[in-house]
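Sequences and hints are given; from them, build the entire structure.
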Amino acid sequence: MNKLTIGSKIRGFEIFNPSGEGIPLDFSLQTNGIKYFEDITDTSTHLQIGILDVLGRYNRLPVRSGNKMVIEIESNGEIIKQEMKISNVMDYISSAKREMYTIVCEPQTAFDNHTTRITRKFTGNISDNIKTIVEEMGGNMVRTDPSTNTYSFCGGYRRPLFACTWLAKKCVNAKNEMSANKGSAGFFFFQTQDGHVLLDVNKEFEGKNKDNVVNYEYKIGKSTLDPSNYFTLSATPVVQNNHNVLQQLSVGHYKTANWFYDITTRKVQFAEYSYRDSDSEMKKSAVERIIPKGIDDNYSRILLQTVDNGVLTADGKVESKSEESYFRQAQATTRYSSLFSQITKIVVPINLTLRAGQVIYLKLPEINSTRTTGPQSGLYLISKLCHQFGGDKDYTGLELVRDSYQELT
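Final position of the sequence shown in numbering that gives the first Met the number 0 is 408; the numbers increase by one with none missing.
A few of these clues could be false.
[Unchecked claim] Derived DSS-like pairs (lysine-lysine); straight-line CA-CA distance at most 30 Å:
#1 K221 with K362
#2 K344 with K8
#3 K130 with K80
#4 K207 with K80
#5 K383 with K207
#6 K84 with K221
#7 K207 with K130
#8 K383 with K34
#9 K392 with K84
#10 K383 with K218
#11 K344 with K218
[Stated by the list, open to error] Estimated spans, in silico, between C-beta atoms of each pair:
#12 K392 with I22: 30 to 38 Å
#13 V53 with N124: 51 to 59 Å
#14 P236 with G65: 33 to 41 Å
Derived by calculation from the structure, the hints in this document are not laboratory data. Here the structure is a predicted model, which means the values were calculated and not measured. Where is the CB? At the ideal position from N, CA and C, for every residue including glycine.
The structure is reproduced here in structure tokens:
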């Protein structure tokens, strides 16, 4: 393995004129900080690029919202190349010898999402339908984790990417054992630098351990300017959220009373959903089970909803079962609440191999000890990612989430 280095190189950064014709102008020597963002709750990636312009190109090109741009950055043999459009130009400051401004860029699918609508009926497997919707609008699905369940729906002139997020919440992984209480509901639909992803959290955690994922360790007093400390945290980790019980009670995390009205049969369904009952169906970052004693004796939230069984078949029948529908709706809410119960933010040397939705292993020392096998260490899912280029050093900022602690050894 080649020796890892700290830093990156801008191989190219070009902005085209508003018509998209002619020769683009090279801005690679005029950047003033670059930030690239991914988020498992966002259907689009984003770029923010600061520009320090001493040649008057802002009005000469001109640089405007809607212009096409292409940027390519390399670090340790990994390359991030993005072809986007400028969605906003902000913070413009002009002086006698220079112009400073920031451009915000989005991929073409972010624009197409607002100019395209779903107009036809879809039936069959949900994950297959999500892939079809993305590809029909010109997007690229790089990962589609299969769902077990089916769902029929009419487009209803929905925006395609927003519809995919809506459908991802209905996806269930039950390993071909579909029933009212088998499997785990709630997938994520988002975009990385490679393309769009439909992520099954259970599948992402399955089989993962510190030996087969990227490891990062917090070492006090170690400089990450030294390439030998490439997989060392650059700053003290910050725990933003740590099992906020009151917040989880407010969303009905542990137990909910579900009152559903079935518009097809015109009947009301009553059911209690308990996190304890479906806990075994959810793959977690560790084996610990965080259910405070007595907290789920009574429900903390009442959900009044309609049963979402999708559209009727051609002969006027309902294919999905009502008891499965309301169970899945409640379970998906708990899945998301559980996953985000612990949020930790870290900063590491720039690493272009990382992606949102990826599992990593974090080694944090125990109190009054240098051991890194304590409860705070363990598997984490990258929920947000920010690559920052420029300044005195290049960094990758990560927001990590997990639902349980590692067992104390």
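Hints versus structure:
1. K221 with K362: Holds, because 14 Å separates the two Cα atoms, which is no more than 30 Å.
2. K344 with K8: holds (26 Å)
3. K130 with K80: The hint holds at about 23 Å.
4. K207 with K80: holds (29 Å)
5. K383 with K207: Answer holds: K383 to K207 is near 20 Å, not above 30 Å.
6. K84 with K221: Violated, at about 40 Å.
7. K207 with K130: Roughly 26 Å separates the two Cα atoms, so the pair holds.
8. K383 with K34: holds (13 Å)
9. K392 with K84: Holds, because 27 Å separates the two Cα atoms, which is no more than 30 Å.
10. K383 with K218: holds (23 Å)
11. K344 with K218: holds (16 Å)
12. K392 with I22: 30 to 38 Å: holds (33 Å)
13. V53 with N124: 51 to 59 Å: holds (55 Å)
14. P236 with G65: 33 to 41 Å: holds (40 Å)
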